[in-house]
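Trainee: As a plain string of letters, each chain reads:
Number of protein chains: 2
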Amino acid sequence: MKEPTTQLQVIRRGTVDVLPEDEFLTKLRSGRPLRVKFGADPSAPDLHLGHCVALAKLREFQELGHTVIFLIGDFTGMIGDPTGRSETRKPLTRDQVRDNAVSYQEQVFKVLDPAKTEIRFNSEWMDAMNAADMVRLCAHFTVARMLEREDFARRYADERSIGIHEFLYPLVQAYDSVALKADVELGGTDQRFNLLLGREIQKAYGLEPQAIVTVPLLEGTDGRQKMSKSLGNAIGIADAADDIFGKLMSISDELMLRYHELLMMQDTVALRAAIDSGKTHPMDAKKELAAALVARFYDSEAADRARDAFERRFQKGLLPEDVPVFEWAENQTEPVSLVVVMKESGLTKSTSDARRLISQGAVRVDGERVSDAQHKLDPAARKALIQVGTRRVCSISFRS
Amino acid sequence: MKEPTTQLQVIRRGTVDVLPEDEFLTKLRSGRPLRVKFGADPSAPDLHLGHCVALAKLREFQELGHTVIFLIGDFTGMIGDPTGRSETRKPLTRDQVRDNAVSYQEQVFKVLDPAKTEIRFNSEWMDAMNAADMVRLCAHFTVARMLEREDFARRYADERSIGIHEFLYPLVQAYDSVALKADVELGGTDQRFNLLLGREIQKAYGLEPQAIVTVPLLEGTDGRQKMSKSLGNAIGIADAADDIFGKLMSISDELMLRYHELLMMQDTVALRAAIDSGKTHPMDAKKELAAALVARFYDSEAADRARDAFERRFQKGLLPEDVPVFEWAENQTEPVSLVVVMKESGLTKSTSDARRLISQGAVRVDGERVSDAQHKLDPAARKALIQVGTRRVCSISFRS
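Just so you know, the sequences run in chain order L and U.
Going left to right, the first sequence walks through residues 21 to 420 as the working numbering numbers them.
Going left to right, the second sequence walks through residues 21 to 420 as the working numbering numbers them.
Check each hint, because a few of them may be wrong.
Put simply, identical chains are the same to the list, so a pair is met inside one copy or across any two.
[Claimed, not checked] The calculated EDC-like cross-link candidates involving lysine to aspartate or glutamate, where the alpha carbons are at most 20 Å apart (straight line), are:
# : residue 1 : residue 2
1 : 201       : 101
2 : 201       : 220
3 : 110       : 153
4 : 130       : 119
Don't read these hints as lab results, they were simulated from the structure.
Given the sequences, and given the hints that come with them, work out the whole structure.
Mentor: Here's what the structure looks like:
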């Protein structure tokens, strides 16, 4: 194993909190493999790059010789929404949990080392817990302190209701650290309160408290909001290699640097300097990122193929065989409206659809993003490659 | 069974809330015996008159043909103080709960009709409840509404801590009404919130909600504070018949009327008028109350004996055989300090003890309460009967 202080340096990179650092260092100095807990929602096994920030950090723990405990919170998942008011939070069956777990494993083992990963379910100990045990667990924390949790504080202030069971969930998560004898718990910065609660509950149950490590929440491809499937700014780790590559090529240079830091665990000071000085072209740095991530989720051959396909399609002007060509019927000489062409070529159903997509930044012409819905194409160029998102592509050919 | 409206009238007398009255009336109209729940603390089976207000009302329900469910909350009793911080709230063992239950029965059956009483323990269903059931139960109420409960609201405002488990106890009590299919729950006014919560939880579990009946909290013999063993103003229902009789004879006329109303379920308008007009002497009304309560807890012969003993001791100047006589050694002619006599005769350990008891109103001389610690006894009277409380009595004999 590496020197404890060296390990600490590695772990600190790209994280927000490592708390308390002295306790963490003491644990590292013990020389034994630490038990690093990571909790996962049992209902949504569709992982995206947002999840990979934590997974990449967990992978680093493994490379340093530690054990990752990937905990699936199936106990609460199988309860669902107990009031029955939410259609979307139906209780999961034991079979669904098992299926989801298989799907999780397929995905997380693209990043984690299976030999150093324990997959666990909190129903193991929570199913054995009775009502009295639950009362005892709840005795170790106060209402006032629970109401300090940011989301609870906000909802309470806004007079939005908080079910009493919602106070139990963080306590269950904290108790998981007792059952697992976790040395470290890792999570997003939004988990900070819960991870710290784990420390308190471990102490209440006579254990040495875990250290906590938080990682930042990754922005989606829009560079603004937290990556989330429902916001449409996510890159799924089970997406097709070409899609992953293409989506990554579409992000801003700034976001590319952040992804380098948080997903590749790379010190980006040097990279930023190289780009600023003109030594490295941002496009190349982006390709490197995209290829590395595809290689992580597939393999290096898939990364090479995706890079080639991208270059052929969008850089060298060579059309991949599967790009449809649309012949502009009229003998056009005047510039023609992009939205009209999009509709006529079948790329969109209507011009208003086309306008909406342009305003969302989803449309490129010859590889350049178009943000003006009034944009016109010049028939003198003979052809134009229009992309809508990464999947809809059409080559427009104007009669000469 | 009596007419539902007549029953309602009987039940209403001496209660604070009967809620909602229309639903209660509908239940009465069903004609079936209603299940009337009353919850009791499993740890303190030393019942006093304060508990009898509720018991007397429950007895009325039985006389109207209904069933009383006397519920012993042993589930929480067996948890105790889960933080282990309180020495006084040690978890009860199953044996202790059983012993307490036997003691409870001995006491409550002095008032309740055993044939119409079910004694139940909430561990019956709570032991079978698992952690997930507890989460589901908690989902039916919100943090904000729980914080409206008066004691929680005050403690939260005062920044005194409330353990999260304390939110679970009212929910458990409410769930007891589900398990018991209670039609009515009766309690002190301090239980109002919890009884209403029972309604909500019954509804959440698909049951018709219980009606609630609250009875006032009885003042202790001091006429000021709520009756409580720890305040020393209580009359225990297992106390000796003479003690019960004597303590009741010592209360104020106003309190006597209140006890008549709340313990004898008597309409006191007529009694008050009779006293005011001089037709009834308050002493006689007090004796009637005392005799009736002794008869309730023992029998009518015991009541007669207690009345006789009281009259002999404190009214007719005849000493009961067991009153010790203390001969004042000095040939006393000057008035002598009461506190000195109390100490010398062994009634108290010290003169300061004697002063404290006088200031508490616990000391009588020849049946008259003495409130002045400077009080002197006149040896010319030859003898003086000093009582401290109802148990310590001494006859002082001065040499002539």
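Trainee: Taking each numbered hint in turn, which are not upheld by the structure, reported in ascending numerical order?
Mentor: Number 1 - this is the single hint that the structure violates.
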